[in-house]
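Colleague: So you can see what is in the structure, the chains are spelled out below.
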Amino acid sequence: MNAARARGAAWLALLVLAGPLAADAPADSERLDALMRELGARRHGHVAFTEVEYLAVLDRPLESSGELLYEAPDRLEKRTLSPRPETLVLAHGTLSATRGKRTRTLDLAAYPQLAPLVEGLRATLAGDRAALERLFSVRLDDDPPRWTLALAPRDAASARLVREVRISGEQADVKTVEVLQADGDRSLLTIGRELP
Amino acid sequence: MTRAGWTGTLLFALLAATAASLAVRARYTADLSAFLPRAPTVAQRLLTEELRAGFASRLLMIAIEGADAHTRSRVAADLTRRLRESPAFADVSDGDSAGLTRIEDFLLAHRYQLSDAVTPERFTAAGLHRAIGDTLGLLASPEGLLVKPLFARDPTGETLHLLDGLDAPQIASFEGVWSSRDGRRALLLAQTTALGSDTDAQEKACAAIRSAFAAAAAAFSPPGALSLRLSGPAMFAVTSRAVIRAQVMRLSTLGALLIAALLLFAYRSLPALLLTFVPVAAGALAGVAVVSLGFGVVHGITLGFGITLIGEAVDYAIYLLIQSGEEPVSEWRRTLWPTVRLGMLTSVCGFAALVPSGFQGLAQLGLYSIAGLVAAAGVTRFVLPEWRPRTLRTRDLTALGARLARLLAAPRHARTALAVLALLAGLVLIGHRGALFSRELSDLSPIPVADQELDATLRGDLGTPDARYLVVVSAPGTGGALAGAEVLSARLQTLVEAGVLGGFESPSRFLPSAATQRARQASLPAPDELAARLDQALAGMPVSASRLAPFLADVEAARTAPPLTPRELAGTPFGSALDALLTVSGTHATAFLPISAPGGADLSTAALEAVRAAVAAPALESAASARLLDLKAEADGLYAHYLTQAVSLSLAGLAAIVLLLMVACSPVRALRIVAPLGLAVLTVAAGLAAAGERLGILHVVGMLLIVAVGSNYALFFDRLAREPHDRVPRTLASLAVANLATVTGFGVLAFSSVPVLAALGRTTAPGALLALVFSALLAPRAALEVAP
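These protein sequence lines are chains G and X, in that order. For the first sequence, position 122 (counting from the first letter as 1) is numbered 121 according to numbering that gives the first Met the number 0, and the numbering increases by one without interruption. For the second sequence, position 738 (counting from the first letter as 1) is numbered 737 according to numbering that gives the first Met the number 0, and the numbering increases by one without interruption.
FYI, nobody ran anything at the bench for these hints, they're computed from the structure. Incorrect hints may appear among the rest.
What follows is a list of derived Cβ distance ranges for each label pair [said to hold, decoys possible]:
#1 T189(G) to E120(X): 31 to 41 Å
#2 A156(G) to R83(X): 13 to 23 Å
#3 A217(X) to E169(G): 54 to 64 Å
#4 R83(X) to P195(G): 56 to 66 Å
Remember, predicted model here, so these are calculated numbers, not experimental data. Every residue, glycine too, gets a C-beta built ideally from N, C-alpha and C.
In isolation and in its complexed conformation, chain G is listed as follows (with noise of 0.2 Å):
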């Protein structure tokens, strides 16, 4: 009985190490390149996005919608037009956040916790699997056209704060990026039409 536990549990720590292990095989590497390739040809974008947080502290999700601007391979800004202007400007590593007059500046290297909120997304627009893989232990699911990336962070300090990025799309489109924190807490960004 006991031993027949043993063995159960046994199986179980396999499949366990059977899934990262899966994206490490050729075949699936190859796919993550061919997505990175299809991802990284695109040099800009501008679209419009809603935002859902939802957090154990509130009674209600919040809800947010503005437009997104990307320029490869490292400027990514997020204009928030509502509820209230908000606008954050991730470049050259470093995170500016402007709200009415005030603009707050982080160094990404001084706050590396914040990294995967901002980088993956970023890392993701631009295919660059070597600063995904650095920050995440990476994780495709592909189910063509559409597929996931499942980030998860490496860094300890990161770890404590965000569980996984989520981020999904259909060919060389994002469409969602979903942040699960630690503490249950989470937020989906939906990728709306694309803007002029």
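Following the hints, complete the assembly by docking chain X onto the known chain G.
Modeller: Structure of chain X alone, referenced to chain G:
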């Protein structure tokens, strides 16, 4: 030995024993600030206080180099942990979140007393609605991760507002440990408990860092893979002292050895050599003893000048031993001692002029030399002849002297040539007049350029710029100083917003005045009132009042909290920040507000004017006063003041020497004695200027030494002109040997890496040689005539 000889020896032994016991018990110091002023102006007094005890003087920057970034970070974290346990350090940080967490905890606990956003308006329903709305906006952004844990206690975002206000410098980091921008060093900042002026304690602190580093490095890396670099004012003080100490030891030993070799060659007699050093040792001992009595403390650099004393005091015994030759000592005492005595007195006159100097180093040097020369001459006159064995025979230098005399008498147009030389030297000096004198205090620093560059690099990486401009508020009592700092902060803030200033620090940011704290507490509504307003404020928001119960509890606790005082801040990062910016001595408090230019450059004249106007505007508490301090300008001004003083005191010394000679000889003879010395000084000054060296205080002192030492030579030539010719060769030989000894003693100094010692050597060594040659060339012909 005669009865007088026994008496002299006994007296000498007594005095020497007294001097030795004084010298042993004397307090020795080496920090440059002790070398600084008896404070001519209030601004300069503040400057020296800041140098001595200020926060900046207690800061040590620690860099770890070598191996890989990961190892460096781990060793740095371990070193930080070790140093935090040591009582030698008030605060140690390496950029780890533990440091930030400690700050956040403190800010969170006292936010309603510390935050300038706390006003009655903010706690109305509308104000709360806006503040909480802002925080909700943040929650949705990446920074929300940092804010979220505090939301229930601090929905108005006071803690983040305070953190924003801290203006923490952006420092690069790797794995949570500060690193240099080029990523090659891990960095730490340590603040010592001891004052910056306490060089002994600073030395211990540096040693503690080194041993903690050795232990940390051994735990994580192979031996020798990592190295430690330290920098900061305290480190500079420690290094300066070590460098000065080492060089003084090495150079005086080297100088003494060279002079001993020279004298052994000249005398061919070991007893004669030993006798020669008796007056030197007596002089050095007397010098230290008298300086210790007069000043209470002996500066390391003063000891360094012991070498200068060897240069001159050694001459007395040389004169006695070579000049007296075979004849009885009583004859030397009668004929030549008066000349030596007059020479000694002229030197004393010269050095006496330095004693009233406000520059403690100069004053000590003056007193040291006077005591040393009087003692050395006294021992030569009263003790040495008695100790001299009857059988003592030194080498006969008559032939050498005769040859020298003929050589020096040979040039026919010497006077014309010297006149041309004087003209040329004058022209060179006029040509360099704009850049003749050094203007920067830093020129005195013995710190190698490489170390100064490392310091600048580390400061750049750590964002701890050398504060150049300070607004200083003085008031009776901490409260007054903080209130004054608050008023000025508001004015400086408008200048920052106008782009005139880059930023500023103020102690009131870390500890608001009691009145301000009370006003903020009075802005907080009572519990029922706050609950009602909160309900109103949250209408339509995605959060309900029930989740914000911790907020209501915190506000109520803050409303009735006692005001924060420096005591509550002690031991927190805010406490050390406050210590840095607020000093209290007795009932008097001084607040320092360092200001910086936009972009970190120097402030423009217009910006300085704007700050001055802001500082001068009234409405400070009546007893408080404020001023703007430009540390670099004040330091350089201070230096210029001492340089001017050194020049005028030296000129006064020169005047005293001329006056003494006029009284002792005659005006014409006095002029003839002084002329070659003046020419030597002129030539050396022109030579240094032509070589691109800027003249500083120690060059000026060196010139005074040229006159002091050279006057002996000139006096002998004056004397020789009225002596039997058979004395000429032997006297000339003694002058040559004495001169060589002097040139050797000072020549060794010229190679020192300590600027003050090098300046002295480079001036006096060539100057003494020139003084002898010029004195001979300008001497009456009779002085160089040799009996056939």
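Colleague: Which hints, by number, does the structure contradict?
Modeller: none
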